[in-house]
Structures are given as structure tokens and as C-alpha cells.
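Trainee: Mapped onto our numbering, the consecutive letters of the sequence shown carry residue numbers 6 to 175.
Warning: the hint list may mix true and false statements.
When the alpha-carbon atoms are kept at most 20 Å apart in a straight line, the in silico EDC-like pairs for lysine to aspartate or glutamate are as follows [as the list claims (entries may be wrong)]:
| id | residue 1 | residue 2 |
| --- | --- | --- |
| 1 | Lys76 | Asp50 |
| 2 | Lys68 | Asp81 |
| 3 | Lys70 | Asp81 |
| 4 | Lys141 | Asp93 |
| 5 | Lys101 | Asp18 |
The calculated label-pair distances, taken between Cβ atoms and stated as ranges, are [to be verified]:
| id | residue 1 | residue 2 | range |
| --- | --- | --- | --- |
| 6 | Lys70 | Tyr110 | 20 to 28 Å |
| 7 | Tyr13 | Lys111 | 21 to 29 Å |
| 8 | Val20 | His56 | 16 to 24 Å |
| 9 | Lys101 | Tyr144 | 47 to 55 Å |
| 10 | Glu171 | Tyr119 | 18 to 26 Å |
| 11 | Glu171 | His56 | 19 to 27 Å |
| 12 | Asn121 | Asn167 | 30 to 38 Å |
| 13 | Ser40 | Asp85 | 44 to 52 Å |
| 14 | Tyr110 | Asn80 | 37 to 45 Å |
If you are wondering where the hints come from, they were derived from the structure by calculation, not from laboratory data.
No residue lacks a Cβ here, since even glycine has one placed at the ideal position from N, Cα and C.
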Amino acid sequence: MFCSVKKYNTKDDIVYRFYLCERKRDKETGKIKCSDKLIISIPYDYMIDTHMLKAIRRAITRKCKEKGFDKDIYNDIVYDKFTNIRYDLLDLERKKQQEEAERRYKEEYQYQEYFNSFCSGNTTTNYTEEEKGYLKKIYRAAAAKLHPDIIKDDGAGMQFLNKLKEEWSI
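Work out the full structure, taking the sequences as your base and the hints as a guide.
Mentor: Following this line, the structure appears as C-alpha cells:
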């Protein structure tokens with residue numbers, strides 16, 4: 006005797022049907038005779054709901070007694086199969102939730118980066134180290150030409166150059 010579980014997709018939900026199955030070979034014909042008895046049907050939402058666990062256990066026990074099976078069969082076969090499937094479903098749910106949380110985190114991070122690049126004035130640079138070296142040389146050359154002590158002005162050119170330096174992140 007063994008427990009078989011069949012998964013059915015209904016219009017509204019997924020339902021798991023638990024069957025107690027017995028296979029015997031007919032001595033006269035040599036053919037295998039099957040006797041599958043439906044014990045219980047459990048919707049997917051109930052399978053993963055912790056609050057439904059006691060009610061499901063009682064329902065499985067009651068159904069096994071109604072079908073004339075003893076308690077050992079219930080404990081060893083049906084409830085073990087139920088818990089195995091339930092744990093697999095809970096693992097899948099946890100993975101889905103973790104993937105969803107990671108996806109939300111990435112979206113929020115990308116939005117925050119995008120927002121910060123416009124609002125705070127800090128832009129992320131895509132310059133390589135070599136390009137940053139060139140920018141530093143350009144800055145030094147321009148700073149030597151635009152320094153207020155050299156050109157004797159109010160320093161507007163140097164202020165603009167310092168703004169560029171911040172944008173370049175050098």
C-alpha cells in the first residue's frame with residue numbers, strides 16, 4: 006500500500022488529491038488489480054497555510070477512519086506524504102518571496118541611484134582610471150590658466166573649473 010498524490014489545476018486554484026493505493030496481482034489472470042481510494046483533496050493555499058495544519062491533520066485522520074484504514078497507515082503513509090509535499094511547496098514559496106525581495110531591492114536601488122544623480126548633483130562617472138588621469142591633466146592645465154591670481158579676476162572661471170572637477174569625480 007502506498008500514497009499517491011495528483012495535482013489538478015482547477016479554474017480558481019491548484020488542488021492536491023491524496024489517494025491510498027493498493028496493487029495486487031490476480032493469481033488467475035496474472036493482471037495487476039488497482040484499488041485507489043481518494044482520501045482528501047487539499048487546495049494549494051491550505052497546503053502552505055500554517056494555521057490550517059491541525060485542521061488538515063484531523064481531516065486526514067477522519068477520512069482514513071471512514072475508509073477503514075488504521076492509524077499506522079495514516080501516520081506512515083498519508084501524513085508523511087502530505088508533510089513532504091508541504092515542505093517542498095514551502096521551499097518554493099520562500100524562494101519566490103526571496104526573488105521578489107531581491108527584485109524590489111534592485112529596483113529601489115536603481116531608482117535611488119537615478120534619483121541621486123539628478124537631485125543631489127552627484128553624478129556617477131563612467132570614466133576609466135586612464136581617462137581620469139587625462140581629466141586630471143586637463144584640470145591642472147586649465148587651473149594654471151584660470152587661477153584668479155594669474156588672470157586678476159573675480160574667480161568665476163576657476164569656480165566653473167572646480168564644478169567640472171566635481172562632476173568628473175577627480
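Trainee: Hint by hint, say whether it matches the structure.
Mentor: For each hint, the structure was consulted:
no. : hint                         : in the structure
1   : Lys76 to Asp50               : violated (26 Å)
2   : Lys68 to Asp81               : holds (15 Å)
3   : Lys70 to Asp81               : holds (14 Å)
4   : Lys141 to Asp93              : violated (58 Å)
5   : Lys101 to Asp18              : holds (18 Å)
6   : Lys70 to Tyr110: 20 to 28 Å  : violated (49 Å)
7   : Tyr13 to Lys111: 21 to 29 Å  : violated (36 Å)
8   : Val20 to His56: 16 to 24 Å   : holds (19 Å)
9   : Lys101 to Tyr144: 47 to 55 Å : holds (51 Å)
10  : Glu171 to Tyr119: 18 to 26 Å : holds (19 Å)
11  : Glu171 to His56: 19 to 27 Å  : violated (57 Å)
12  : Asn121 to Asn167: 30 to 38 Å : violated (21 Å)
13  : Ser40 to Asp85: 44 to 52 Å   : violated (20 Å)
14  : Tyr110 to Asn80: 37 to 45 Å  : holds (43 Å)
Hint compliance for this structure: hints 1, 4, 6, 7, 11, 12 and 13 are not met, and every other hint is.
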